[in-house]
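Those protein sequence lines, which keep their order, are chains A and B.
Using our numbering, read the first sequence as starting at 164 and increasing by one per residue.
Using our numbering, read the second sequence as starting at 164 and increasing by one per residue.
Be aware that a few hints might be false.
Just so you know, same-sequence chains aren't split out, so a pair can sit in one copy or run between any two.
As the list claims (entries may be wrong) - Quick list of in silico lysine to aspartate or glutamate cross-link-like pairs, DMTMM-like style, CA-CA up to 25 angstroms:
{"#": "1", "residue 1": "176", "residue 2": "280"}
{"#": "2", "residue 1": "176", "residue 2": "391"}
{"#": "3", "residue 1": "460", "residue 2": "318"}
{"#": "4", "residue 1": "513", "residue 2": "226"}
Simulated from the structure, these hints should not be mistaken for laboratory data.
These numbers come from a predicted model, not from an experiment.
Residue strings, one per chain:
Protein chains: 2
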Amino acid sequence: MEYRFSNKVSGLKPSAIREIFKSLTDPSIIAFAAGNPAAESFPTEDIKKIADKIFSDSSLATEALQYSVTEGKTHFRDQVAARLKDKFSIGRENDETIITTGGQQGLDLACKVLCNEGDVVICENPSFIGALNAYRSYGTRLVGVDLEEDGISLEGLENVLKKEKNAKLLYIIPTFQNPTGKTTSLEKRKAVYRLCRKYGVVILEDNPYGELRFAGEDVPPIKSFDEEGIVIYSGSFSKILSAGMRIGFVCAPQEIVQKMVVCKQTNDVHSNIFFQMVCSQYIDNYDLDAHIAEVRKLYGRKCGLMIDAMEKYFDDSITFTRPEGGIFVWAAMPEGYDSAALAREALKRKVAIVPGSTFNPDSNKPSNGFRLNYSTPTDAQITEGIRILSEVMRDFMK
Amino acid sequence: MEYRFSNKVSGLKPSAIREIFKSLTDPSIIAFAAGNPAAESFPTEDIKKIADKIFSDSSLATEALQYSVTEGKTHFRDQVAARLKDKFSIGRENDETIITTGGQQGLDLACKVLCNEGDVVICENPSFIGALNAYRSYGTRLVGVDLEEDGISLEGLENVLKKEKNAKLLYIIPTFQNPTGKTTSLEKRKAVYRLCRKYGVVILEDNPYGELRFAGEDVPPIKSFDEEGIVIYSGSFSKILSAGMRIGFVCAPQEIVQKMVVCKQTNDVHSNIFFQMVCSQYIDNYDLDAHIAEVRKLYGRKCGLMIDAMEKYFDDSITFTRPEGGIFVWAAMPEGYDSAALAREALKRKVAIVPGSTFNPDSNKPSNGFRLNYSTPTDAQITEGIRILSEVMRDFMK
C-alpha cells in the first residue's frame with residue numbers, strides 16, 4: 164500500500180545526525196554529543212526508599228498503578244507551583260501549573276494549541292533540536308534570530324515580529340541555552356518581553372537547566388515579570404532528579420493551560436503517576452535543594468575540566484563559551500570550516516560531537532560551531548576526548 | 164492578552180460529562196462511569212519485588228533513571244512482538260513494534276502522521292471518547308458508522324468509503340468494544356479488511372481489552388490477516404498489569420512506525436523506562452498468562468454480578484449487551500428517552516453512568532443508550548448501584 168501521510172509529517176525525517184546519536188550506545192565512544200544528566204546525579208538510594216514505601220502501602224500502591232488525572236496529582240502540582248513562586252517569583256493569579264510527560268511534552272502541546280500549519284514560530288539560532296522538530300511536526304514555519312553573547316538579537320527579533328504577521332510563538336531558552344550554554348541578560352529578557360507584548364506573540368520560555376548554576380548570579384526568568392499573561396513556562400525534573408521518569412511541568416495562563424490539558428488527555432491521558440509520587444515525596448521528605456547543590460557542584464567541576472582541557476589542547480583559533488551552569492559548551496572553528504565534516508572525522512576517532520547546523524531553525528547552511536556536553540562523559544573521558552578532538556581539528560583545518 | 168488558538172483546538176472543550184467524571188473521585192459515588200481496571204487486578208507484590216531489584220542494582224537503576232530510546236527498550240519490544248505473534252498471529256516481515264505512552268499515544272500518533280485537517284476518520288458509532296477527541300484535536304472530520312450486534316454496518320461502511328475521498332483512517336475496536344462491550348464477528352472483520360484495502364484506507368485496530376475474554380471463543384484480530392500492510396494495531400498493558408504506568412504499544416508497517424517514532428520523539432522523547440523494565444521483567448520472570456487468567460476470572464465474576472442484577476431489577480423494556488469479556492456493558496432505554504437526563508438523575512442518587520451521546524462521533528443527538536462499567540465498583544456497589552439505577556429509571560420513564 165502507498166501510504167498517504169499528512170502534509171505536516173511527510174517532510175519529517177529521522178534526524179540527519181541519527182548516526183551520531185546511535186553511536187552513543189557504544190561505550191567505547193566518548194559521548195560529547197549527548198544531553199544526558201550524569202548517572203551519578205540520580206538520588207538512586209532515596210528513590211529506592213520512596214518506591215519501597217509506595218509499593219508497601221496498599222493505598223499508595225493502588226494510586227501509583229491506577230489511572231490518574233490529566234493535570235497531574237494535586238498535591239504535587241501545588242508543590243511545583245509553590246517552588247516556582249518561591250525560587251523564581253513565577254505564577255500570577257491567572258496562572259496554572261500542570262504536570263507534563265517530561266519538559267518536551269509542554270513544548271509540543273504549546274505549539275499544538277497555538278499554531279496552525281504555516282504559522283511562524285520564532286526561535287533563537289541555534290536552538291534545541293527536539294523543540295524545533297516538534298514545531299516542524301505541526302507544519303509551522305520556523306524563523307531563526309541570531310543569538311548574541313547576551314541573548315537573542317533584539318534588532319533581529321523586532322524585524323521578524325514586524326514582518327511575520329502569523330508569528331504565534333517565540334521559543335526561547337534564556338538560561339544556559341541549548342546548544343550554546345549562553346545566558347540571556349536581564350536587560351534583554353525585559354526587552355524580549357516588551358517586544359512580544361507589543362506584537363501580541365506568546366513567549367514559550369524553556370528552562371530545563373535553570374537550577375544548574377555553578378558560577379555567577381541567577382537571572383530571573385522572563386515568566387517572573389509576566390503581568391500580562393503572555394508567557395508559557397516549561398520546566399522539568401529531568402536534569403535535577405531523573406530524566407527516565409519523564410516528569411516535567413508547565414506554568415501558564417489558565418486559558419492556555421486548559422487547551423493544553425484537553426490535548427494532553429488525548430495524547431497520553433496523564434503522566435505516569437508513580438514518578439509524580441516519587442518527586443512529590445522527594446520534595447516533602449528529602450532535601451531537593453541540597454541535592455541540587457550537589458548536582459551543581461558536580462557539573463561545575465565537569466565543566467571546569469572540559470574548559471581546562473580546551474584551554475590546554477585547542478588551537479588558539481578555536482573559540483568557545485564559558486557557561487556558568489547547565490550541561491553544554493559551544494565551540495567554533497574559524498569561519499568557513501564545516502563542523503558536520505569535523506563531526507564525521509571525530510567519530511572515526513571515537514569522539515561524538517553535534518555539528519551546529521543541526522540546531523539551525525530555518526537553514527541547512529554549514530556551521531563552523533559545534534556542541535559539547537560535559538555531564539555524560541566521565542572525567543577521564545572529558546580530558547582525553549578534548550585532547551583527541553584537538554588533534555582531529557588540527558588535521559581537519561590543515 | 165487575547166489568545167489566538169489554533170483552528171484545530173479552538174473548538175475543543177473540556178468534556179461535557181466532566182461533572183460526571185469529576186464525581187468519580189467522590190468515594191460515596193458508585194462509579195459505573197469509569198473505565199478503570201479493578202485495583203485488586205494489579206500484581207502489586209510482584210511489581211514491588213521487581214522495583215526493588217531494579218533500584219538495588221546500580222546498572223539497572225541507572226538505566227531506569229536515564230534517558231532512553233524513543234522506540235522503547237529493545238528486549239521489551241522483542242518480547243511484545245513475540246507475544247503478539249504467539250497469541251494473535253500478528254506481525255509480518257514489514258511490521259515493526261514500538262512502545263507508546265499508554266495505548267492512547269498510539270491512537271494520537273496514528274492520526275497525526277496520516278491526517279490533514281479536514282481529512283475524514285471513520286469510526287464506529289458509538290465509539291471511545293478518548294480516541295474521538297484525539298482525532299478532533301487534529302482538526303479531522305469524524306464520520307460515524309452504526310455498530311450492529313456483530314460489528315460495524317458493512318453497508319454503512321462502504322457508503323462512507325465510497326463518498327469520502329479524504330477518508331484516511333478507520334478507527335475500530337473489534338473486541339469487547341468501548342462503550343458497548345460488543346465483539347465484531349470474524350466474517351465482518353474479514354469484510355472490513357477487504358473494504359478498507361479496496362478503498363485504500365488504513366485501519367487503526369484498537370485492542371486494549373482483547374486478552375480479557377471470560378466466555379466464548381477468541382476471534383482473531385484484523386491485524387492477524389494483514390498481508391498488505393494496511394493495519395495499525397494498538398495494544399496496552401493498562402488493563403492487564405497497570406494503567407498508571409502508561410505503557411502501551413503499536414505494531415504497524417515500518418513506514419508508518421518510522422513517522423510515528425519521529426513524532427513520538429518530539430512528543431515525549433520516550434515512554435518512562437522504569438515501567439518498560441517492570442513489564443519486561445514481569446514477562447521474563449513471572450507468569451503473565453496466569454495473571455491474566457486471574458484478571459479474566461475476576462471480570463467474569465463482576466460482569467456476571469452486574470448482568471444478574473440487571474436481570475433482577477431492570478424493567479423488561481431495558482435492553483443490554485451480554486459481553487464475553489472486557490469491562491463494559493451497554494444498556495438502553497426504549498427509543499425516545501434521553502440518557503443524558505437519566506445520568507443527571509442517577510447522579511443525584513450517587514450512581515454515575517455515561518450517557519450514549521458522549522460516544523457519538525459526529526452528532527450531538529440524544530441517545531437512549533448508556534455505558535456501565537463493572538471493573539471499578541466493588542461487588543456490593545454493583546448490585547446496589549443497579550438496584551438504585553432501576554428505581555431512577557422507573558421514575559424517569561414514568
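Hint-by-hint comparison with the structure:
1. 176 with 280: both (18 angstroms within a copy, 21 angstroms between copies)
2. 176 with 391: Answer is between: at 24 angstroms across copies they meet the 25 angstroms cutoff, but 38 angstroms inside does not.
3. 460 with 318: Intra 37 angstroms, inter 68 angstroms, cutoff 25 angstroms: neither.
4. 513 with 226: For residue 513 and residue 226, the Cα distance is within 25 angstroms only across copies (23 angstroms; inside one copy 46 angstroms).
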